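Colleague: One-letter residues, chain by chain:
Protein chains: 8
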Amino acid sequence: MKVYLSGEIHTDWREQIIDGCKNKQLPVTFISANTDHESSDAAGDCLGEEANPFWRDHKSAKVNAIKIQNAIKSCDLAIIRFGDKYRQWNAAFDAGFCAALSKPYITLHDESLTHPLKEVDGSAQAWATTTEQVIQLIEYTLT
Amino acid sequence: MKVYLSGEIHTDWREQIIDGCKNKQLPVTFISANTDHESSDAAGDCLGEEANPFWRDHKSAKVNAIKIQNAIKSCDLAIIRFGDKYRQWNAAFDAGFCAALSKPYITLHDESLTHPLKEVDGSAQAWATTTEQVIQLIEYTLT
Amino acid sequence: MKVYLSGEIHTDWREQIIDGCKNKQLPVTFISANTDHESSDAAGDCLGEEANPFWRDHKSAKVNAIKIQNAIKSCDLAIIRFGDKYRQWNAAFDAGFCAALSKPYITLHDESLTHPLKEVDGSAQAWATTTEQVIQLIEYTLT
Amino acid sequence: MKVYLSGEIHTDWREQIIDGCKNKQLPVTFISANTDHESSDAAGDCLGEEANPFWRDHKSAKVNAIKIQNAIKSCDLAIIRFGDKYRQWNAAFDAGFCAALSKPYITLHDESLTHPLKEVDGSAQAWATTTEQVIQLIEYTLT
Amino acid sequence: MKVYLSGEIHTDWREQIIDGCKNKQLPVTFISANTDHESSDAAGDCLGEEANPFWRDHKSAKVNAIKIQNAIKSCDLAIIRFGDKYRQWNAAFDAGFCAALSKPYITLHDESLTHPLKEVDGSAQAWATTTEQVIQLIEYTLT
Amino acid sequence: MKVYLSGEIHTDWREQIIDGCKNKQLPVTFISANTDHESSDAAGDCLGEEANPFWRDHKSAKVNAIKIQNAIKSCDLAIIRFGDKYRQWNAAFDAGFCAALSKPYITLHDESLTHPLKEVDGSAQAWATTTEQVIQLIEYTLT
Amino acid sequence: MKVYLSGEIHTDWREQIIDGCKNKQLPVTFISANTDHESSDAAGDCLGEEANPFWRDHKSAKVNAIKIQNAIKSCDLAIIRFGDKYRQWNAAFDAGFCAALSKPYITLHDESLTHPLKEVDGSAQAWATTTEQVIQLIEYTLT
Amino acid sequence: MKVYLSGEIHTDWREQIIDGCKNKQLPVTFISANTDHESSDAAGDCLGEEANPFWRDHKSAKVNAIKIQNAIKSCDLAIIRFGDKYRQWNAAFDAGFCAALSKPYITLHDESLTHPLKEVDGSAQAWATTTEQVIQLIEYTLT
Numbered sequence: 001m002k003v004y005l006s007g008e009i010h011t012d013w014r015e016q017i018i019d020g021c022k023n024k025q026l027p028v029t030f031i032s033a034n035t036d037h038e039s040s041d042a043a044g045d046c047l048g049e050e051a052n053p054f055w056r057d058h059k060s061a062k063v064n065a066i067k068i069q070n071a072i073k074s075c076d077l078a079i080i081r082f083g084d085k086y087r088q089w090n091a092a093f094d095a096g097f098c099a100a101l102s103k104p105y106i107t108l109h110d111e112s113l114t115h116p117l118k119e120v121d122g123s124a125q126a127w128a129t130t131t132e133q134v135i136q137l138i139e140y141t142l143t
Numbered sequence: 001m002k003v004y005l006s007g008e009i010h011t012d013w014r015e016q017i018i019d020g021c022k023n024k025q026l027p028v029t030f031i032s033a034n035t036d037h038e039s040s041d042a043a044g045d046c047l048g049e050e051a052n053p054f055w056r057d058h059k060s061a062k063v064n065a066i067k068i069q070n071a072i073k074s075c076d077l078a079i080i081r082f083g084d085k086y087r088q089w090n091a092a093f094d095a096g097f098c099a100a101l102s103k104p105y106i107t108l109h110d111e112s113l114t115h116p117l118k119e120v121d122g123s124a125q126a127w128a129t130t131t132e133q134v135i136q137l138i139e140y141t142l143t
Numbered sequence: 001m002k003v004y005l006s007g008e009i010h011t012d013w014r015e016q017i018i019d020g021c022k023n024k025q026l027p028v029t030f031i032s033a034n035t036d037h038e039s040s041d042a043a044g045d046c047l048g049e050e051a052n053p054f055w056r057d058h059k060s061a062k063v064n065a066i067k068i069q070n071a072i073k074s075c076d077l078a079i080i081r082f083g084d085k086y087r088q089w090n091a092a093f094d095a096g097f098c099a100a101l102s103k104p105y106i107t108l109h110d111e112s113l114t115h116p117l118k119e120v121d122g123s124a125q126a127w128a129t130t131t132e133q134v135i136q137l138i139e140y141t142l143t
Numbered sequence: 001m002k003v004y005l006s007g008e009i010h011t012d013w014r015e016q017i018i019d020g021c022k023n024k025q026l027p028v029t030f031i032s033a034n035t036d037h038e039s040s041d042a043a044g045d046c047l048g049e050e051a052n053p054f055w056r057d058h059k060s061a062k063v064n065a066i067k068i069q070n071a072i073k074s075c076d077l078a079i080i081r082f083g084d085k086y087r088q089w090n091a092a093f094d095a096g097f098c099a100a101l102s103k104p105y106i107t108l109h110d111e112s113l114t115h116p117l118k119e120v121d122g123s124a125q126a127w128a129t130t131t132e133q134v135i136q137l138i139e140y141t142l143t
Numbered sequence: 001m002k003v004y005l006s007g008e009i010h011t012d013w014r015e016q017i018i019d020g021c022k023n024k025q026l027p028v029t030f031i032s033a034n035t036d037h038e039s040s041d042a043a044g045d046c047l048g049e050e051a052n053p054f055w056r057d058h059k060s061a062k063v064n065a066i067k068i069q070n071a072i073k074s075c076d077l078a079i080i081r082f083g084d085k086y087r088q089w090n091a092a093f094d095a096g097f098c099a100a101l102s103k104p105y106i107t108l109h110d111e112s113l114t115h116p117l118k119e120v121d122g123s124a125q126a127w128a129t130t131t132e133q134v135i136q137l138i139e140y141t142l143t
Numbered sequence: 001m002k003v004y005l006s007g008e009i010h011t012d013w014r015e016q017i018i019d020g021c022k023n024k025q026l027p028v029t030f031i032s033a034n035t036d037h038e039s040s041d042a043a044g045d046c047l048g049e050e051a052n053p054f055w056r057d058h059k060s061a062k063v064n065a066i067k068i069q070n071a072i073k074s075c076d077l078a079i080i081r082f083g084d085k086y087r088q089w090n091a092a093f094d095a096g097f098c099a100a101l102s103k104p105y106i107t108l109h110d111e112s113l114t115h116p117l118k119e120v121d122g123s124a125q126a127w128a129t130t131t132e133q134v135i136q137l138i139e140y141t142l143t
Numbered sequence: 001m002k003v004y005l006s007g008e009i010h011t012d013w014r015e016q017i018i019d020g021c022k023n024k025q026l027p028v029t030f031i032s033a034n035t036d037h038e039s040s041d042a043a044g045d046c047l048g049e050e051a052n053p054f055w056r057d058h059k060s061a062k063v064n065a066i067k068i069q070n071a072i073k074s075c076d077l078a079i080i081r082f083g084d085k086y087r088q089w090n091a092a093f094d095a096g097f098c099a100a101l102s103k104p105y106i107t108l109h110d111e112s113l114t115h116p117l118k119e120v121d122g123s124a125q126a127w128a129t130t131t132e133q134v135i136q137l138i139e140y141t142l143t
Numbered sequence: 001m002k003v004y005l006s007g008e009i010h011t012d013w014r015e016q017i018i019d020g021c022k023n024k025q026l027p028v029t030f031i032s033a034n035t036d037h038e039s040s041d042a043a044g045d046c047l048g049e050e051a052n053p054f055w056r057d058h059k060s061a062k063v064n065a066i067k068i069q070n071a072i073k074s075c076d077l078a079i080i081r082f083g084d085k086y087r088q089w090n091a092a093f094d095a096g097f098c099a100a101l102s103k104p105y106i107t108l109h110d111e112s113l114t115h116p117l118k119e120v121d122g123s124a125q126a127w128a129t130t131t132e133q134v135i136q137l138i139e140y141t142l143t
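Chains as they are written, first to last, in full-length UniProt numbering: chain A, 1 to 143; chain B, 1 to 143; chain C, 1 to 143; chain D, 1 to 143; chain E, 1 to 143; chain F, 1 to 143; chain G, 1 to 143; chain H, 1 to 143.
Treat the hints as calculated values from the structure; they're not laboratory data.
Treat the hints with care, since some could be wrong.
[Claimed, not checked] Residues of chain B placed beyond 10 Å of chain F at every Cβ, according to the derived structure:
(1) I9
(2) T11
(3) R14
(4) D19
(5) K24
(6) H37
(7) S39
(8) A42
(9) N52
(10) D76
(11) D110
(12) T129
(13) Q133
[Claimed, not checked] Distance condition first, Cα-Cα at most 20 Å in a straight line; then the derived SDA-like pairs of lysine to any residue:
(14) H/K85 / F/L26
(15) D/K73 / G/K85
(16) D/K2 / A/E132
(17) E/K73 / D/L101
(18) C/K2 / B/H115
(19) B/K73 / D/L101
(20) D/K85 / D/I9
(21) A/K24 / A/H10
(22) G/K2 / D/K85
(23) E/K85 / G/Y140
(24) D/K73 / D/N34
(25) B/K85 / B/A51
(26) A/K85 / A/T143
(27) D/K85 / C/C46
Source: prediction; values computed, not measured.
Using N, Cα and C, we set each Cβ at its ideal position, and we do this for glycine too.
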């Protein structure tokens, strides 16, 4: 099973899920976008400097999209994580992309976010609040 | 041309675009999700009360999705608006849905939001900051 | 809006919905499979008699499928009704067909059926128990 | 060849087919949804308890759908089994899902069910009454 | 309803169906490829003469395909007619094209052709032997 | 019939085809991208000035793509014109876009260009050298 | 590369192509429908006897279609062979199926058949008259 | 990762990218159309001589398209190279084909070509001017 991990990059939720699945010896491959904030923002810098920050962002976003959109198209399941900080519109964007392609996804976020995330949760296969739950769902799906 | 207007519901940007196109006598039909916050949150209430607010939201989100997803599938263009308040994850979700279906969309937001919206803007056909610009683009596309 | 009405043919739920929408002057077109049991079973009889009832059923099912599958592909919304008698596998089949094509559908059935219908309800946009609720949801979606 | 086995969970028809193919050393991989009734109904319980049985069912159905819909999308052939008990709407739902995606499927059921299953059989590639027949068809398809 | 009439051009089966539907005042639009043999073979001649008959045929076939493939993609139903003369590979080609796109089609041919046409009939929604039957099926589908 | 006219903007080939079809009273609707070079290059200027000409071009190209890609998706036939000047990569791009979506297209260019255009012609339904031929093909397709 | 070999079963053209590719050590996998006439006609017999030959053919055709349609969907190239005997409508059906899915195919037949096969050749990537040519094209495509 | 290299055949840009990725031990597979001009033009010659150069080109273009269109459909990323000579319409055609299928592509060309290539660049994920940049982007996408 190929699992795409999308969203928040400021906590170690990815490592928790990856390690949890490894401990249970589940046959899962994980893919993510670049999770290093600085190098992600700089993804397009090798193509030349930009005076205008909008175009710097634009170039980097499009370079990052190569990996992200291939990941969504080829995955069996996506986990979309929303943290309590930042706007994380890219995570909601990925969820919409999954929904349109009928790719199953699980959201991972606190109860405090359920109201603003209701559309994102509405097309999800499950809403989890802990990485342990996500690991259990992956394990369940594999057996 | 059928234009889907998605996102922020606290300012009159929809009316501005609709009126602007009417004034120019452009042959455009507009569709939106329910833009009344309270009745949108209550979309599923007729199906029975829910003790748990998550399920109330869930039911309403799925009822609203009937209109939203049909709107995206049938429109020629979407305008995705992000205001300066609230998380507006549903707008980013709609943008991702459009992107996956290769539906062209234009984002409408202030310059202050370009960095967090870079993935959403990266798949857009244009980024506008004023409704006047959106009207010009619609007019241009129609002639 | 084009609404496909699928399932139970022994009560007047279709008429209730159609009349209810007419009374509210909603711009809806309804389509159904042939709801007359006998003539539906005889749909293929004009092509020649069959000694074996399996083939009679087969021919009629395929003739009926012309209308049904075109209806699902062209509708904006399906209402899938399960009554308390008979197996109604054709209704569940239509629901699966809708789900695979991402066509939104609403199920209409009593609370007593929620457990055996959980997979069918799981992919639905809403579960209603009365035709009045369905009419309200159609009206809501149109405004 | 990847074969998805859908439907009835109260007899050993899956084992018969799997063993029969193994005995003939056919290169087939089989996939199924969770066939343990209790744990299938509890698939979503790890996400939190639900007071309302509808939502418990809903959560479990959606968790189970991750595996089921991936199975249908990736299989080469589905076997859809209807027993003589229970409503088995999920099996008919899977058949409709297959039909919409042009995935070939074989139904497996007694002659007594041919009339109510005529729509499901009408889109099938074959109707079998015994697991031995299914094994023969799989073997035939592989050679 | 839009009905595409494909195949044999040496008898008046098209007129029989069109007239029959007109007499019954059925709301059907019919489309056909060019049914005049000579002008069909000459479809590409305006683009310049060809010394090699293969290329003359090639050019005409591709010009004719513009209409044919648009017809199949936009129709609700195809009628595929096989007469007792000529090879009529284009009719079988159209049937395969329909099957791949899940477009419903009805075959129209004598009983003497059922064995060589078994693959073509196998994916059809019905096999008719008379134009009267086809008219009845169209009428049935419309009511 | 909806015909998309793509490519060269320095001669009056569009007018010739449109007038020719009008004279023959053919029921055709024509669509084109903006064919005024200057205003096409300026399509995105209303969104703000760009210091870097690459980004000015980029914005305008994406704004123009809204109309172009909707035109290709909705047309029944495209005419792709290559003149003897300029590189006209946008015309070849449109042809590739058509080919990938199985949209039929006719190329219109001189014999001197057949070698460099062989891949573009290879997926076309016809190659014409005069607008008169294109008009004849459109007329033929409509009758 | 996966190559699907479709059509005539009365000469050894399949063996010639398979052996020719083996001799050149080309990395090709070949798939065919059942090429044994009698056992192909009997493909559905294990499901029970049929008094009516139409239904015997129907059952067998649908069983054979499991393999054929999976083969077309998964192959990289199809070779469609027409011999000088029999009607071979199944070969033309396969060609139409390929064309609708944009699967590339090469036809293999004598010059005497080019006129009746013009539609089938019109959507092909190449027309060959000898198996040696087919082997050369496969080799060319692989290098 | 599978990367399709399309376009210019007169400089060693392909070798530079392939060698650069090999030196960095990146797990990439590269595919190209036939890059030998003469043998590419002769791809269809084994099928018989043509008096008319248009048909020689046509046959070769269609034979080459087998490999090219399979390459685009199966790749994860395309690099589309435009040199300073020749018209290279095939490269722009490939870009349009990628865009229609939502396959990500990177263009590789000098700054002098940005204006005529604006539509091709407008749908690209990135524009590079050196092979070193392309290698960096591939490396970035893989890590």
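Colleague: Next, verify each hint and record whether it holds.
Modeller: Going down the list of hints, with the structure as the test:
1. I9: Correct as stated: the minimum Cβ-Cβ distance to chain F is 24 Å, above 10 Å.
2. T11: holds, 20 Å
3. R14: Nearest chain F Cβ is 19 Å from B/R14, so the label holds.
4. D19: holds, 18 Å
5. K24: holds, 14 Å
6. H37: Fine: 30 Å to the nearest Cβ keeps B/H37 off the interface.
7. S39: holds, 32 Å
8. A42: holds, 35 Å
9. N52: holds, 43 Å
10. D76: Violated, because the least Cβ-Cβ distance between B/D76 and chain F comes to about 5 Å, which does not exceed 10 Å.
11. D110: At about 13 Å from chain F, B/D110 clears the 10 Å cut-off, so the statement holds.
12. T129: violated, 8 Å
13. Q133: violated, 6 Å
14. H/K85 / F/L26: At roughly 42 Å apart (the allowed maximum being 20 Å), F/L26 and H/K85 break the hint.
15. D/K73 / G/K85: violated, 39 Å
16. D/K2 / A/E132: violated, 31 Å
17. E/K73 / D/L101: Judged against 20 Å, a Cα distance of about 17 Å means the pair holds.
18. C/K2 / B/H115: Violated, because 41 Å separates the two Cα atoms, which is more than 20 Å.
19. B/K73 / D/L101: Since the Cα atoms of B/K73 and D/L101 sit roughly 19 Å apart, the hinted pair holds (cutoff 20 Å).
20. D/K85 / D/I9: The hint holds at about 10 Å.
21. A/K24 / A/H10: With a Cα-Cα distance of about 25 Å, the restraint between A/K24 and A/H10 is violated, given a limit of 20 Å.
22. G/K2 / D/K85: violated, 44 Å
23. E/K85 / G/Y140: Answer violated: E/K85 to G/Y140 is near 39 Å, above 20 Å.
24. D/K73 / D/N34: holds, 17 Å
25. B/K85 / B/A51: This hinted pair is violated, its Cα atoms lying about 28 Å apart.
26. A/K85 / A/T143: violated, 35 Å
27. D/K85 / C/C46: The hint is violated at about 34 Å.
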